[in-house]
Amino acid sequence: MSDMSEPFILQVHELTKDFGGVRAVDNVSFNLKEGDSLGIIGPNGSGKTTLVNLITGFIRPDEGNIWFQGKRITGMMPHRIPQLGLARTFQMARPFYQLPAYKNLVIPLFSRRVRNLTGGKYGDRDAIAIDLLEEVGFERDSSVPFKPASVLPHGYLKRMELASCLALRPKLIILDELFSGLSLAEVSSTVPIIEKIQAEGKALIIIEHRLRELFRIVDRVIVLNFGRKIAEGTPKDVMENEEVKEAYLGSE
Amino acid sequence: MSKDLKRRKERLDRGIKVRSEDIFALSSWKVMLYLLAPRVLPFVVVLGFILFASPYWKMVLVSTTMFGILAISWDLLLSTGMVSLGQALFFGMGAYIAGSLNHIWGWPLWITIPVATVGGGLLCTLLLVPVLRLRGIYFAMVTLVLPLVLVRIIEATRILGGTEGISGLATFQNIGEELGLSLLAFLAVLLGFRRLMGTDYGLVLQGIRDNDRSVIRSGINIYWFKAQALFLAGSVAAFAGAFMTHAYMFVGMPVFALDYSILPITAAVVGGTGTLAGPALGAFILVPLSEALRGLGALRVVFYGLFLVIFIVALPEGIFHYLQRRYHQFERWVKVEV
Chain A
1 MSDMSEPFIL QVHELTKDFG GVRAVDNVSF NLKEGDSLGI IGPNGSGKTT
51 LVNLITGFIR PDEGNIWFQG KRITGMMPHR IPQLGLARTF QMARPFYQLP
101 AYKNLVIPLF SRRVRNLTGG KYGDRDAIAI DLLEEVGFER DSSVPFKPAS
151 VLPHGYLKRM ELASCLALRP KLIILDELFS GLSLAEVSST VPIIEKIQAE
201 GKALIIIEHR LRELFRIVDR VIVLNFGRKI AEGTPKDVME NEEVKEAYLG
251 SE
Chain B
1001 MSKDLKRRKE RLDRGIKVRS EDIFALSSWK VMLYLLAPRV LPFVVVLGFI
1051 LFASPYWKMV LVSTTMFGIL AISWDLLLST GMVSLGQALF FGMGAYIAGS
1101 LNHIWGWPLW ITIPVATVGG GLLCTLLLVP VLRLRGIYFA MVTLVLPLVL
1151 VRIIEATRIL GGTEGISGLA TFQNIGEELG LSLLAFLAVL LGFRRLMGTD
1201 YGLVLQGIRD NDRSVIRSGI NIYWFKAQAL FLAGSVAAFA GAFMTHAYMF
1251 VGMPVFALDY SILPITAAVV GGTGTLAGPA LGAFILVPLS EALRGLGALR
1301 VVFYGLFLVI FIVALPEGIF HYLQRRYHQF ERWVKVEV
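In order, the protein sequences belong to chains A and B. So for the first sequence, my numbering puts the first residue at 1; every next one is plus one. So for the second sequence, my numbering puts the first residue at 1001; every next one is plus one.
The following block holds chain A by itself, in its conformation from the complex:
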């Protein structure tokens, strides 16, 4: 498997996870090429977030393997995986509420990965943090980056999640329902940010319920239902699949 891994940034092979009697992820395999974008969709409780937690090391799989850039990362400690260049957002925004927005980004900027990439001391982390916030749409010459995260609106927190991934200078970003809870206007202002990340050659895995926006961004999706992969292909093909229609609309 690993000698074939050259063109793939991420390979997931027959991943399985049980929670008690419930099989949350059941024999899921997929590959992702460098710079590609993949959507993961499926009804609520179909195992999407569990799959992300398995890939990023927050949960250990019962069976199966994961390779990132040809390196096996199955069972690796969850703090080592971001150091390799695989960053993720959380479905629920998880900021450091007591810290100002820009200080939230200083923590990923302090990680060993960023310090190694930039060679020892990483200049003024505060200034870099404010640049990153501007990149995800924070108003630059305003007080917003200096406000504590606890008073920021949900839309800002979600974009701050994205910024703290970008701070790690990752090769692959997994966005776990980045658009959930955002207004239509906020979503349409976030889509160009994601397209810019794609243009920079970073690979993306996007979990999303808002299919219309998702299909604008990705050209390949996999569909999960009850932890199993039931379809894979272009958005158009997948949505015409009978099993997918049944999973989303229920069987008659």
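No wet-lab data here; the hints were simulated from the structure. Hints should not be assumed to be uniformly reliable.
Said to hold, decoys possible - Residues of chain B placed beyond 10 angstroms of chain A at every Cβ, according to the derived structure:
hint, residue
1, G1106
2, L1134
3, I1159
4, L1296
5, L1308
Stated by the list, open to error - Part of the chain B face toward chain A, derived, beta carbon under 8 angstroms:
hint, residue
6, V1204
7, Q1206
8, S1214
Being a predicted model, the structure only gives us computed values, none of them experimental. By construction, the Cβ of each residue, glycine as well, lies at the ideal position given by its N, Cα and C atoms.
Chain A is fixed; fit chain B onto it per the hints.
Quick look at chain B alone, frame taken from chain A:
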């Protein structure tokens, strides 16, 4: 209800506070005084106290500074998201290491205290590393149990003096040396740790308290950082234990007593948590208060407890936060439409 006018308190930064925030503060004596007063005033009060204090009260001041260090150490752990119910573990470990090194090999105190500081911090960190994954009350329970277990081990095995303890240890040349060293150490710990928490390193520690999963996601090993915080906090608390051992010329089972675990917590609550200076201020209020109430005999604990309850009810944010707020901001009532 819709047209009711209600009064609400509004807080605004004082003009002088805003002016003190940039480099031009240096161009005005008034602003410089505003900046310096809260930093210099405590020194003046303490130095004035030393000038007029009796030798007994000078001893009280020594133990106050050591309790202050213990409270700062507790607050550092809290700032990293670790609630400790057992500062006595660190304190007692330092006390016993210094005491036994001095008793068995006759090492002088200027060697035993540094060795106890580093060794005590290291030993306590190693003891607690297996439970670093525990959070909140589960971690707290372990810290509560450890000193109680150690004290029973000493009692049962009669090692290190058993129930009698070790007495006749080396002490400082005079009260002046003792007081000077204790105040210097206290200042070094307070200013050093406050400085540390302001750096990016300190930010990571605060991040672990706020949200440890986000710190993991940032590619940082939280257990390594927690162990380091534990070592720092454990070391200074062990220093306090070693210092008190030589000040009292005695080490025994009481160093693992609950007093050394509880006082840092009450000091932090009275003074205000999360600032390091708050718990230190709390210790400087509670320890002398406890001494002053000695004349009341058995009723001492009653009045002490009463004082604590009144303080916590009246100023739940803690004295330090309250003073800081009143110093930097003024309040006014504004009418708001409900």
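Structure-based check of all given hints:
{"no.": "1", "hint": "G1106", "result": "45 angstroms, holds"}
{"no.": "2", "hint": "L1134", "result": "17 angstroms, holds"}
{"no.": "3", "hint": "I1159", "result": "39 angstroms, holds"}
{"no.": "4", "hint": "L1296", "result": "41 angstroms, holds"}
{"no.": "5", "hint": "L1308", "result": "26 angstroms, holds"}
{"no.": "6", "hint": "V1204", "result": "6 angstroms, holds"}
{"no.": "7", "hint": "Q1206", "result": "7 angstroms, holds"}
{"no.": "8", "hint": "S1214", "result": "5 angstroms, holds"}
Against the hints set out earlier in the document, no violation occurs for any number.
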